[in-house]
Amino acid sequence: MRSYSFTLNGRPVTVEAPADMPLLWVLRDLLGVTGPKYGCGVGVCRACTSHLDGAEIQPCTVPLADCANRTVTTIEGLADGDTLHPVQQAWLDCDVAQCGFCQPGQIMAAAALLKRTPHPTDSDIDTIENICRCGTYARIREAIKKAAENGG
Amino acid sequence: MDRTEPPSSASLSRRRFMVYSVAATTLTVAAPLACTSSPAQGAEPARAGSDVLVTGTDEEMLVLEVTAANHIVVRLPRAEVGQGITTAVAMMIAEELDARLADVRIPLADARTKGNQYTGGSSSVSSLYAPARHLAATARARLVTAAARRWHLPAWSLRTRDTMVVAPDGRTATFGSLTESAARIRRTAVPSRPKPASRHRVIGRPTTRIDARDIVTGQAKYAGDLAVAGVKPTVVARPPTLRGKLVSVDDRAARALPGVHAVVRLPGGVAVVADTFHQAFRARDALRLTWAPGPLAGLSDAQIRARLKAAVPRLGTPPRGSTPVSGEFAFAFVSHAPMEVLTAVADVRADHAELWFSSQTPMDARDAVAAAVGMRPSAVRVHVVRGGGSFGRRLNFDAAIEAALVSKAARRPVKLMWSRSDDIRHGRMRPASHHRIRASVAGGRVVAFEQVTASVAESGDGTGLSAQGGVSSLSGPRPSDTGLYNFGRTSGDSGGIELAVPLGAWRSVDSGTVRTAEEIVVDEIARSLGQDPVAFRRTTLRNKRVRAVLDKVAAAGDWGRAMPEGTAQGVAVHEEYGSCVACLAEIDTRDPKSPRVTKVVMAADVGIAVNPRGLEAQLMGTAIDGISVVLQAGLHIDRGAVREGSFADFRYARQRQAPLTFEAHILPSTGEPGGAGELGVPAASGAVANAYARATGTVPRTFPLTF
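So the protein sequences, as listed, match chains H and R.
First residue of the first sequence? That's 0 in numbering that gives the first Met the number 0, and the numbers climb one at a time after it.
First residue of the second sequence? That's 0 in numbering that gives the first Met the number 0, and the numbers climb one at a time after it.
The reader is advised that the hints may include incorrect statements.
[Unchecked claim] The calculated lysine-lysine pairs, modelled on DSS-like cross-linking and capped at a C-alpha distance of 30 Å, are:
no., chain 1, residue 1, chain 2, residue 2
1, H, Lys145, R, Lys308
2, H, Lys114, R, Lys598
3, R, Lys598, H, Lys144
4, R, Lys551, H, Lys145
5, H, Lys144, H, Lys114
6, H, Lys144, R, Lys220
7, R, Lys244, R, Lys194
8, R, Lys308, H, Lys144
9, R, Lys308, R, Lys551
10, H, Lys144, R, Lys551
11, R, Lys220, H, Lys114
12, H, Lys114, H, Lys145
[Unchecked claim] Interface residues of chain R toward chain H, partial, derived using beta-carbon atoms under 7 Å:
no., residue
13, Phe276
14, Ile623
15, Arg653
If you are wondering where the hints come from, they were derived from the structure by calculation, not from laboratory data.
C-beta atoms are modelled at their ideal positions from N, C-alpha and C, and glycine is treated no differently.
If we strip away everything but chain R, and leave its shape as in the complex, we get:
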């Protein structure tokens, strides 16, 4: 392996990239995923002019191969769960290579042994933007150099387009036809720097998903659609309460049913392996099981809410002479409920195992599966499959561990699927939380702002003191993040209670509650000062980027227009992941049982927006999340069990609750890309809540509002 260090451009002065060539018969280059000025760990700079492949280093790199069939292949160490990362990366590669987007293939990488293979925190585009472009720019320089040698022409005279090199006389050579000779090139005759943003023709152009046709024709394959030889459908009987314990199993009737192959006890239930899912569900229902109540069996929402309220730390002392504007907020548990229920295919043999499922954390999943089945991690191969939504749910890999255990016990490959009621009744949840906010107003402005919170944390085995609801300070939302506004002294604190409930990070994590509550209070402060919510935010926001997105929605959404009684506009902003967003929502509450958000206008500044159409889609999704969790979708806990069990009662928004008009405005920017996938949730939630408050003259405090 040798290395060339492209000169760093001004905008990338702190991000200098090594790009390595990998010894292969086709052009293969690799760039470290971590942004660093030194070579990737384990990669040894080779002697000048040599061609050494340092094995193992590609594990933590982004690797690009130009195939003889003229495809550009980059195995992506990220999950595609609908957020469009494969399309965004394909665009970065196509941009710098001057390749046709259709020639770029972005399969998902299997679980690696080291490096960054984490999909979360809205970090994928920002972590891949530099390495992907440097990688492709280096590959392009090698291909051009190879063509120059072939044609005996100066390299500077050659151009690239449509996955080929073009000579001044019109001759062309596809990248595929050059890949073998380009693989041997060590010194390029043209620069291998990525283009300046001003020359981008693919990045920044609204682009259709690369998998759109597969999706609309039903060809896109999720874990449950894979045809793994001999694989048997598997479902799991689960307890009536959260984490209930199995007392006895009588599986004689179930085993006697046609098509049933195995019944396997698991830590969380009893699995049935059959020829079809119909037979598996039948046999599951024929199991005669007795369960001991779970650790929360005595607990319902009212007690949980009371304990949370009691666990909120005290507010500090307000500045002398100030007037408080206060609010106390409660958020219910919320299910992730991705459309594709958790599904994992596992084939566990005596000395190795192979699994297929969608995972945001495949390296952790591999290690956990290995531990569960008693193998070395290196004996476990995890194939990452496209996921049918996630919203944070696929950070955890509950179904994969279960599938591996069942496959091992049943000695056959299994396709284990959670039912929808498994997903909602036993799946992970956004923690319920309680928030107290106090803004201190003096002299017509906010001089202090404090938020204290408590949220539910997941206790370990669900048997200890903490499972009884003991107060814990171990977790909970981050302290109030009010850096957004000039609110004087800002402070915060968090507490929590531990419960034996399955929890997980839900799109936008703590910001989804903490910042939503704050945006509601910001409106209430404005009202107390007799100011318009947009005007008040304009004068108190610190960052002009945030002001710009706010101005955009106010102008595009015709803020302040006259509206009939019972209808109103609401607005909110949010800043995170190096990006910012504003949302304006219009709501019609004239049918109090089913308020409808009729219009949503969002504006975002995410730095360079690689795919504006993909960004618009992410904002659109967060608008529906905001509508759902603020107005109607949540989970109740009744005596230790989740009451809801399907989309019939977990009321995530449907078309009739979605806005009739949706607009997203992407502000032009030359800044490096920030995060976008989760960005919109707090702004959309806040705008919907504020619109509801203005339309009804109420103060929204417990969410969802119609629950």
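For reference, chain H alone in the conformation it holds in the complex:
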């Protein structure tokens, strides 16, 4: 089995695993990084949303080989030490979460949106596909706008 190296949340990691193993299971089952959640395995619920070279991905549909020598960021790597990322802080300020299961993915999706579109309109926010079964969408919208004001 080949080994693959990439940067995970600022640290180099090397894993021996099949090339087609979805990144989600590499993270969760081999590396013990459990922030990205399984919600469907086919990229439609987006609970696992993370970043590859700073852009949004769904690790349940990204094979390990595609991550070689690149940079993966999960919810665990978004904050700067104890200082929360502006999106995380806005999530906390707006008390967005209910059950919390989809929120790592929601936060990573929002952070990626703000990187592309620093001042998103309601239509831009509507493009976020992540399901929240608790229905926290109104607070997600509010938190994204707040994070945008704070330079998220």
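Following the hints, complete the assembly by docking chain R onto the known chain H.
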């Protein structure tokens, strides 16, 4: 164990509480969870002045411990699935102890042997409100008394704040530093009554969830995130039809794959245990299985709907001379589809077992797991883990039983996870139902109102006559609950059909369909009388609390404002669990394929709202539930199988279907807390349906509307 009986305050005259002290080196007090004026069963009042711990009684109590590290720990016999009960209880404790919220810890209790450990029926806050506050108030009195003795000061001169006792001269002592001496105090020098509501500073203040930071940093742990030593990922191959039976298994190819440890036959499928979920899914797909069709293999939606319709009891005779306003409604099956799919960790050994999963009914789960693996219940330990949503799904514990069976057979700890398609295709559903409503109008008012219904009930083993769709009167929605309105003679009846489909209570249970249908008819009655829906409700509602929430949404939502063609407002109300709610929705139907609710305004009176921010969150969630189940999210049955298999086709609302504006108004109240978690579903569903009707000029009858 000894007991002190705090004097009962006026508002709690029917709820007198015993609070017990538990023999321990730290201050530990316990209050029975059942509201009763007598000591908890099994607890024997001790001789005066003695310090006896009656073992076993703490099982049915809420127990508070003040640790030397200055934490207040209450092991909560409830599930946290996002509804915010841990935060609400932490607030009650912090209020009465004058502790910092950050110092209060609310871990979830393991399954107990007796007592009330049920999370459901929107009952958690109302069942915990009195015991939690009495418990904390008693602990505070002991801590103050301990400080008074230490400082040789009169207890009445001491104050409490920020998890410490403060002397008039400014000296402070943390609760943690007093806990050992407070544990020995039997007679308190200050009253141990909870505060009157007028002095609340924590209860009633909008408060952020106590686990919010863990969630936003990815540290919150669900069952699938737990690091149990040696635990192996496990998934299950399931039949193509509901309850299909396994005929043959050829697992040679699957077992030959790397990382595969075991293949285990289960009643509902074939489990694969592997080193990673990737390998487990691979091996699952490499199993060569043949299945016999399930008991419903000949059945699709059209037949189910026809049978349901035929099972609806007859409407009675309407009052002579009245004019009917009638409607006939059909609701599809709906998946719970919590974000966290069912996941259970099980470690079954020769003589004991240990499990970790989220459960609303852990005591029943423990007994069922014990029976499944052939152990005494006392040999099975169930740890309740936070759940990633539930909506009623975690009342059942299907995955835990499967995990236990696999762990026993494979002789190793397993982490069994349902896939999302398992969850939607084989998970439990809100039953499909059919409703007939007839309002009888005479002299410009409703003189009689009747609703008759039929819903699907789950048959036992799925093989008997009932599985063929035989009519049953065993279950179905409760008779029409029209106590809400002055509608003259109200009546109802229910029938049902039994099918071998997995069903479960879905947030708001029967009210989600029965009351939604009624609120649609209420609008149609108003229209037939030429009255405005809000004005008509105002004049016919019985309860002024309900009128008040209706008035609130009408005012805050600018009811009756001019809106473009194809857009409209709709309104509905609901009363249940000692609470009431109104919802005003605005909808844009100009794209008929994807109507969008653009604005939702809700108002609720739930008695004292412990955490208004948490209550707002619950209402927000029910608004999205209403939008989803009324407009777009449901399940089809095709030849005995659920057609949908993920959120791609089970179309629960996403951001682009959520309202751009959401407001919740919490009406001030001094009444005891009612229930809130499920409250909003019927009002939100009714308001969305009524808005749709007004925007399109149609009569909504089958749900979801775009299906």
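Original post:
Within a Cα-Cα threshold of 30 Å, do R/Lys598 and H/Lys144 meet the stated pairing?
Top reply: 18 Å, holds
Original post:
CA of H/Lys144 to CA of R/Lys551, is that 30 Å or under?
Top reply: 27 Å, holds
Original post:
Does the structure keep R/Lys244 and R/Lys194 at a Cα separation of 30 Å or less?
Top reply: Distance of about 60 Å is beyond 30 Å: violated.
Subject >> Satisfaction of hint between R/Lys598 and H/Lys114, Cα-Cα up to 30 Å >> reply: OK: H/Lys114 and R/Lys598 at ~28 Å, within 30 Å.
Subject >> When the least beta-carbon distance from R/Arg653 to chain H is tested against 7 Å, hint result >> reply: Given a least distance of 6 Å, the restraint on R/Arg653 holds.
Subject >> Pairwise hint evaluation, R/Lys308 against H/Lys145, where the allowed Cα distance is 30 Å at most >> reply: The hint is violated at about 50 Å.
**OP:** Verify the interface restraint on R/Phe276: the C-beta must sit less than 7 Å from at least one C-beta of chain H.
**Re:** Constraint on R/Phe276 satisfied, holds at 5 Å.
Original post:
Do the alpha carbons of R/Lys220 and H/Lys114 lie within 30 Å of each other, as the hint requires?
Top reply: Holds: R/Lys220 and H/Lys114 sit about 28 Å apart, inside 30 Å.
**OP:** Compare the distance between the alpha carbons of R/Lys308 and H/Lys144 with 30 Å, and conclude whether the hinted pair is satisfied.
**Re:** With a Cα-Cα distance of about 48 Å, the restraint between R/Lys308 and H/Lys144 is violated, given a limit of 30 Å.
Original post:
Within a Cα-Cα threshold of 30 Å, do H/Lys144 and R/Lys220 meet the stated pairing?
Top reply: With Cα atoms ~28 Å apart, H/Lys144 and R/Lys220 stay inside 30 Å; holds.
Original post:
Holds or violated: is the Cβ of R/Ile623 closer than 7 Å to a Cβ in chain H?
Top reply: 3 Å, holds
Original post:
Does the alpha-carbon distance linking R/Lys551 and H/Lys145 stay inside the 30 Å limit?
Top reply: 28 Å, holds
Violated hints for the displayed structure, listed by number in ascending order: 1, 7, 8 and 9.
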